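> Keeping their order, the protein sequence lines are chains G, V and U. Each number in this note's numbering corresponds to the 1-based position in the first sequence with 5 added. Each number in this note's numbering corresponds to the 1-based position in the second sequence with 445 added. Each number in this note's numbering corresponds to the 1-based position in the third sequence with 281 added.
Calculated from the structure, these hints are not laboratory results. Note that this is a predicted model, so its numbers are computed, not measured. Hints may contain errors.
[To be verified] Pair ranges (Cβ atoms, derived):
no., chain 1, residue 1, chain 2, residue 2, range
1, U, Met347, G, Val77, 35 to 43 angstroms
2, G, Val77, V, Ala585, 20 to 28 angstroms
3, G, Thr130, V, Gln556, 35 to 43 angstroms
[Unchecked claim] Pairs of lysine-lysine residues, derived as PhoX-like cross-links and limited to a Cα-Cα distance of at most 25 angstroms, are as follows:
no., chain 1, residue 1, chain 2, residue 2
4, V, Lys526, G, Lys454
5, V, Lys618, G, Lys407
6, V, Lys526, G, Lys475
7, U, Lys290, G, Lys411
Think of the CB as a built atom: it goes at the ideal place given N, C-alpha and C, for glycine as much as any other residue.
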Amino acid sequence: MTALQRLFRFHGGVKPAYNKEASTGLPIAVAPTSELLVIPLHQSIGGMPRPLVTAGEHVLKGQRIGGADGNVSSAVHASTSGTVVAVEMRLMPHTSGLSALCVVLEPDGRDEWIPRQPFDFRSATPTQTRDYLRDAGVVGLGGAVFPSYLKISPGKQGKLDTLVLNGAECEPFITCDDVLMRERAGNILKGVAIMREMLDAGQVLIGIEDNKPEAIAAMEVAARDANRTAGDSTIKVVRVPTRYPAGGAKQLIRVLTGIEVPHGKRSTDYGVQCFNVGTAYAIYEAIALGQPLISRIVTVAGNVSRARNYEVLFGTPMRDLVALCGPLPDSDRVIMGGPMMGLLMPDDSVPVVKAANCILVGSKSLFPAPPPEMPCIRCGDCAKACPADLQPFEMYWFSRAKIFGKAQEYHLFDCIECGCCAYVCPSHIPLVDYYRFAKSEIWARELVKEAADVARERYEFRLLREEREKQEKSAKLAARTVAARAKAAAALADAEKPAATPEQEAKKALIAAALERTRTQKELVHPENTGNLTPEQQAVVSTIEARRAEIREMAKAHLRQDD
Amino acid sequence: MLAAILVMALGAVVLGAALGYAAVQFRVEGDPLVEKIDAILPQTQCGQCGFAGCKPYAQAIAKGAAEINQCPPGGDEGIHKLADLLGREFKSLSAEHGIEKPKSVAVIDEQACIGCTLCIQACPVDAIVGAAKQLHTVIARQCTGCELCLPPCPVNCISMQPIGESVETWKWKYPVFKITPAQREAA
Amino acid sequence: MNNSPYFLKPASVQSVMLRVLVALLPGIAAYVWFFGAAILLQIALASIAALAAEALMLALRGKPVMLFLSDGSALVTAWLIALSFPSIAPWWLTVLGALLAIVVAKHLYGGLGQNPFNPAMVAFALVIVAYPQLMSQWPAAGATDFAGQWQAIFGTRQIDAITMATPLDALRTALHTIEAKTSVAGVMGSNPAIGSLGGKGWEWVAAGYLLGGLWLLQQRIITWHMPTAFLAALFAIAGIFSLIDSTQFAGPLFHIFTGGAMLGAFFIVTDPVSGATTPKGKLIFAAGVAVLTWIIRSFGAYPDGIAFAVLLMNIAAPLIDMYTQPPVFGHKDKPGDSR
Numbered sequence: 006m007t008a009l010q011r012l013f014r015f016h017g018g019v020k021p022a023y024n025k026e027a028s029t030g031l032p033i034a035v036a037p038t039s040e041l042l043v044i045p046l047h048q049s050i051g052g053m054p055r056p057l058v059t060a061g062e063h064v065l066k067g068q069r070i071g072g073a074d075g076n077v078s079s080a081v082h083a084s085t086s087g088t089v090v091a092v093e094m095r096l097m098p099h100t101s102g103l104s105a106l107c108v109v110l111e112p113d114g115r116d117e118w119i120p121r122q123p124f125d126f127r128s129a130t131p132t133q134t135r136d137y138l139r140d141a142g143v144v145g146l147g148g149a150v151f152p153s154y155l156k157i158s159p160g161k162q163g164k165l166d167t168l169v170l171n172g173a174e175c176e177p178f179i180t181c182d183d184v185l186m187r188e189r190a191g192n193i194l195k196g197v198a199i200m201r202e203m204l205d206a207g208q209v210l211i212g213i214e215d216n217k218p219e220a221i222a223a224m225e226v227a228a229r230d231a232n233r234t235a236g237d238s239t240i241k242v243v244r245v246p247t248r249y250p251a252g253g254a255k256q257l258i259r260v261l262t263g264i265e266v267p268h269g270k271r272s273t274d275y276g277v278q279c280f281n282v283g284t285a286y287a288i289y290e291a292i293a294l295g296q297p298l299i300s301r302i303v304t305v306a307g308n309v310s311r312a313r314n315y316e317v318l319f320g321t322p323m324r325d326l327v328a329l330c331g332p333l334p335d336s337d338r339v340i341m342g343g344p345m346m347g348l349l350m351p352d353d354s355v356p357v358v359k360a361a362n363c364i365l366v367g368s369k370s371l372f373p374a375p376p377p378e379m380p381c382i383r384c385g386d387c388a389k390a391c392p393a394d395l396q397p398f399e400m401y402w403f404s405r406a407k408i409f410g411k412a413q414e415y416h417l418f419d420c421i422e423c424g425c426c427a428y429v430c431p432s433h434i435p436l437v438d439y440y441r442f443a444k445s446e447i448w449a450r451e452l453v454k455e456a457a458d459v460a461r462e463r464y465e466f467r468l469l470r471e472e473r474e475k476q477e478k479s480a481k482l483a484a485r486t487v488a489a490r491a492k493a494a495a496a497l498a499d500a501e502k503p504a505a506t507p508e509q510e511a512k513k514a515l516i517a518a519a520l521e522r523t524r525t526q527k528e529l530v531h532p533e534n535t536g537n538l539t540p541e542q543q544a545v546v547s548t549i550e551a552r553r554a555e556i557r558e559m560a561k562a563h564l565r566q567d568d
Numbered sequence: 446m447l448a449a450i451l452v453m454a455l456g457a458v459v460l461g462a463a464l465g466y467a468a469v470q471f472r473v474e475g476d477p478l479v480e481k482i483d484a485i486l487p488q489t490q491c492g493q494c495g496f497a498g499c500k501p502y503a504q505a506i507a508k509g510a511a512e513i514n515q516c517p518p519g520g521d522e523g524i525h526k527l528a529d530l531l532g533r534e535f536k537s538l539s540a541e542h543g544i545e546k547p548k549s550v551a552v553i554d555e556q557a558c559i560g561c562t563l564c565i566q567a568c569p570v571d572a573i574v575g576a577a578k579q580l581h582t583v584i585a586r587q588c589t590g591c592e593l594c595l596p597p598c599p600v601n602c603i604s605m606q607p608i609g610e611s612v613e614t615w616k617w618k619y620p621v622f623k624i625t626p627a628q629r630e631a632a
Numbered sequence: 282m283n284n285s286p287y288f289l290k291p292a293s294v295q296s297v298m299l300r301v302l303v304a305l306l307p308g309i310a311a312y313v314w315f316f317g318a319a320i321l322l323q324i325a326l327a328s329i330a331a332l333a334a335e336a337l338m339l340a341l342r343g344k345p346v347m348l349f350l351s352d353g354s355a356l357v358t359a360w361l362i363a364l365s366f367p368s369i370a371p372w373w374l375t376v377l378g379a380l381l382a383i384v385v386a387k388h389l390y391g392g393l394g395q396n397p398f399n400p401a402m403v404a405f406a407l408v409i410v411a412y413p414q415l416m417s418q419w420p421a422a423g424a425t426d427f428a429g430q431w432q433a434i435f436g437t438r439q440i441d442a443i444t445m446a447t448p449l450d451a452l453r454t455a456l457h458t459i460e461a462k463t464s465v466a467g468v469m470g471s472n473p474a475i476g477s478l479g480g481k482g483w484e485w486v487a488a489g490y491l492l493g494g495l496w497l498l499q500q501r502i503i504t505w506h507m508p509t510a511f512l513a514a515l516f517a518i519a520g521i522f523s524l525i526d527s528t529q530f531a532g533p534l535f536h537i538f539t540g541g542a543m544l545g546a547f548f549i550v551t552d553p554v555s556g557a558t559t560p561k562g563k564l565i566f567a568a569g570v571a572v573l574t575w576i577i578r579s580f581g582a583y584p585d586g587i588a589f590a591v592l593l594m595n596i597a598a599p600l601i602d603m604y605t606q607p608p609v610f611g612h613k614d615k616p617g618d619s620r
């Protein structure tokens with residue numbers, strides 16, 4: 006009994022070949038534990054967690070090995086018990102081919118859990134609940150890996166109108182949510198009930214695309230049970246028309262509630278919050294069972310003979326899973342995600358992380374190389390297909406010309422990179438490549454600009470500082486000179502001034518007596534018996550005096566030279 | 446005839462008055478062009494352009510006393526931006542002012558540093574910490590790669606390390622590739 | 282190796298262009314029926330000239346020749362030129378038109394996707410201004426003597442027996458140049474060129490284009506905005522003025538079914554490269570072309586004003602696009618513009 010719910014439509018969208026039947030024939034299998042698990046520390050949006058273990062340590066299953074660092078960060082845990090071989094840089098599951106810090110774990114085969122107990126969120130404060138979920142490593146499992154603890158608070162209003170659960174799973178090949186809903190609907194709904202309480206949501210709408218009838222049936226049964234337990238009927242399973250990308254969070258919110266959440270605004274401002282059904286399951290495990298997030302369901306499909314869904318421990322190398330499914334001989338690439346939005350992996354040895362909802366094995370026959378890129382003829386097919394109501398061809402023209410200001414005016418950052426535009430383009434232009442390029446280029450330029458602004462400030466401050474030092478120095482020098490001169494002037498003035506006190510009088514008398522003594526001594530040393538001389542005697546005396554003066558001068562000059 | 450002269454004179458008077466009024470009313474303090482040019486320059490403060498920093502170079506460009514192609518850290522892209530802003534012709538980077546090098550930061554070999562503070566005095570953005578007879582080190586985040594600290598160091602312990610690609614700095618490549626005839630034949 | 286998306290719809294520029302050519306066929310069939318097989322010669326001439334010119338320009342520009350030649354855009358331009366020019370025009374006129382369109386209007390601006398003006402209309406405008414006499418010699422309905430037409434195209438031009446003014450031309454001449462006070466009704470009744478709706482034979486050609494255009498709509502190659510806006514605006518303005526003064530202004534149905542109106546509505550105005558691209562913009566663009574066409578037809582120096590109207594609106598197309606940007610997801614209460 007699906008609720009009769011008014012549904013809305015989103016603009017655009019495409020209907021690619023879905024290829025989902027191959028992997029839903031068999032139930033979820035637990036993937037065997039690999040010989041070595043390489044667990045990257047940075048598995049969510051936000052800051053990189055700091056490693057809490059070192060090489061040689063023994064860890065238990067579920068033990069925290071990476072601590073959340075910063076406001077937006079989520080912890081990482083050991084997927085099984087074993088010994089930490091190393092904490093080192095390893096190839097990470099990203100197109101760039103760069104490495105990131107990983108904890109390399111060698112399982113000991115015992116699979117020993119840490120002691121687990123349920124978390125009583127009802128008696129905990131909201132902060133405690135958030136911290137618990139943060140340290141349990143629960144992140145969005147739809148692919149965006151946004152730390153869930155930041156979304157579990159009800160926003161400014163204090164309560165939520167609608168909690169949306171995303172079971173749409175619109176991308177071709179991916180069926181992990183489908184089988185999760187088929188097999189574990191009960192626990193998903195238990196998680197939903199927990200989330201509903203935490204968020205104080207008025208109603209819960211679980212959106213599932215109508216190409217998943219078994220999942221819808223299973224979830225309806227579980228929803229009915231959940232409603233009965235709660236004593237109301239707030240949880241509804243809603244059948245959503247199959248159209249890619251109906252599983253986009255904003256698109257699903259639009260379809261179920263008619264609300265369009267603009268880019269840059271939080272959906273809680275509009276009374277809605279959206280979570281993936283896999284995240285609900287993880288929240289159930291974390292809160293009700295005390296189990297941190299250490300595994301997820303992964304679809305392995307594509308160019309394999311036995312496509313299937315597996316429950317995989319994080320850190321499992323992708324090639325181990327691919328080997329289980331019998332890859333065909335012409336397989337030449339591994340894609341993390343689906344064919345519309347997936348990322349090409351640099352190597353198949355990269356580990357499975359929280360964002361890996363699907364491992365798609367590709368080949369030239371399954372994904373033929375696109376025909377050569379022709380010029381854009383402005384036909385507008387891309388604008389007709391865009392679910393975000395953008396003008397992709399305008400963004401393309403400006404991204405290609407590297408005129409990033411104009412590209413942003415055409416709302417480049419509203420693009421969800423779903424690939425609908427590139428799918429329909431008759432000129433086979435890889436449009437999403439241009440947008441990814443433009444976005445990363447804009448971010449890089451912003452970083453450069455910020456650094457340049459800081460450098461300019463520091464430079465100007467340095468100039469200011471030098472100026473200030475110079476001024477201080479010259480001011481000091483000036484002050485010292487002034488002080489010295491003042492002192493000298495003061496001493497002189499002292500000598501000229503009439504004595505003011507008896508001590509100065511006595512001093513002055515002493516000075517005067519001393520001066521008198523020196524004068525009389527001079528007189529004695531130089532007797533004046535040369536008075537009353539005859540002119541001839543006077544002339545002789547003068548010449549002798551002159552000669553003496555010369556010699557004195559010569560002696561002085563000699564002394565000066567020696568100096 | 447007289448009417449024509451009167452009309453022209455009246456027009457001149459009215460327009461002159463309007464211009465005069467505008468010159469006073471809408472006067473802009475300072476030279477905003479210098480700020481705009483300075484915003485484009487990379488703020489490395491290296492002096493390779495021949496001026497004492499980025500601001501003096503910006504002032505010289507605004508005055509017309511310098512060419513726009515004298516800044517190696519800005520590279521060709523910076524010259525293009527200046528050309529667009531000023532409406533001048535693009536000229537490729539002038540070789541006598543230096544070549545565009547990949548972004549690097551200075552690194553002090555701590556074993557060799559003697560604590561002479563000469564590099565600290567040379568750094569235009571105060572990115573080196575240290576004191577006399579104490580170890581000096583470069584704050585990598587603040588270093589602009591200007592290389593002004595390399596000459597003063599008496600023991601040559603500073604080297605320039607190019608900034609490698611990291612997760613934070615990785616960018617998607619420009620999706621346009623030049624097709625050469627050889628590739629076309631192979632395709 | 283390429284990046285996502287790895288699934289692509291089987292669409293191509295070539296399939297779009299080929300379907301446009303197929304949509305022109307009903308109109309061409311009517312043309313041949315009423316005015317003889319000369320038009321087929323012209324189409325062949327224009328196609329060969331256009332393809333040769335395109336190949337030459339691509340080689341000069343260093344682009345992969347076969348890849349671009351096979352996309353069919355040059356052929357579409359060529360066929361539109363052949364259909365806009367008189368079918369008994371000298372062979373070199375058509376070839377000149379094709380060359381002007383491909384070399385000047387298309388490749389000198391950057392090739393496929395880069396031309397701000399509609400290439401076929403540029404060719405038409407340039408040629409009619411340079412050779413107005415030759416461009417006013419149109420075939421007479423029923424005069425399907427192929428030998429005579431061949432002679433007209435390739436040999437000496439003794440064409441009086443096989444030409445006749447177009448209905449629009451006849452109307453204009455009658456209303457504007459003859460001293461006697463004729464009226465539209467008078468012209469319509471007496472002139473042998475004018476059939477029941479838009480001109481003997483010409484109305485059937487227009488009907489053929491309408492059929493082809495409707496098929497293009499069904500194939501989703503064009504959207505409803507441009508043809509509907511064009512025809513409605515033309516109908517409206519012609520209707521209003523013919524109500525005001527029916528002696529001087531021809532009726533709306535006449536305007537829609539004569540001249541290049543139908544061809545323009547579905548094939549020329551809808552050129553994606555040079556026209557507006559937003560839904561509202563398309564409406565404004567097409568309506569603008571219609572109004573300008575009517576004005577040029579009624580008051581202008583040329584009998585049919587589609588080409589000039591299209592070129593004038595091509596100038597305005599980027600501005601129209603800028604001001605009619607549809608609101609983006611999440612901003613629908615205030616329509617967004619990209620200023």
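> Between Val77 (chain G) and Ala585 (chain V), does the beta-carbon spacing fit 20 to 28 angstroms?
holds, 24 angstroms
> Need the status of pair Lys290 (chain U), Lys411 (chain G): alpha-carbon distance at most 25 angstroms?
violated, 29 angstroms
> Starting from Lys526 (chain V), check that the Cα of Lys475 (chain G) is at most 25 angstroms away, please.
violated, 37 angstroms
> So if I understand the rule, the pair passes when the alpha-carbon distance is 25 angstroms or less; does Lys618 (chain V) with Lys407 (chain G) pass?
Distance of about 12 angstroms is within 25 angstroms: holds.
> With the threshold set at 25 angstroms, check whether the alpha-carbon distance from Lys526 (chain V) to Lys454 (chain G) stays at or below it.
Cα-Cα ~14 angstroms, so holds.
> With respect to the beta-carbon atoms only, verify the hint that Thr130 (chain G) and Gln556 (chain V) lie 35 to 43 angstroms apart.
violated, 52 angstroms
> Is the hinted range of 35 to 43 angstroms satisfied by the C-beta distance from Met347 (chain U) to Val77 (chain G)?
violated, 53 angstroms
Of the numbered hints stated above, those contradicted by the structure are hints 1, 3, 6, 7, listed in ascending order.
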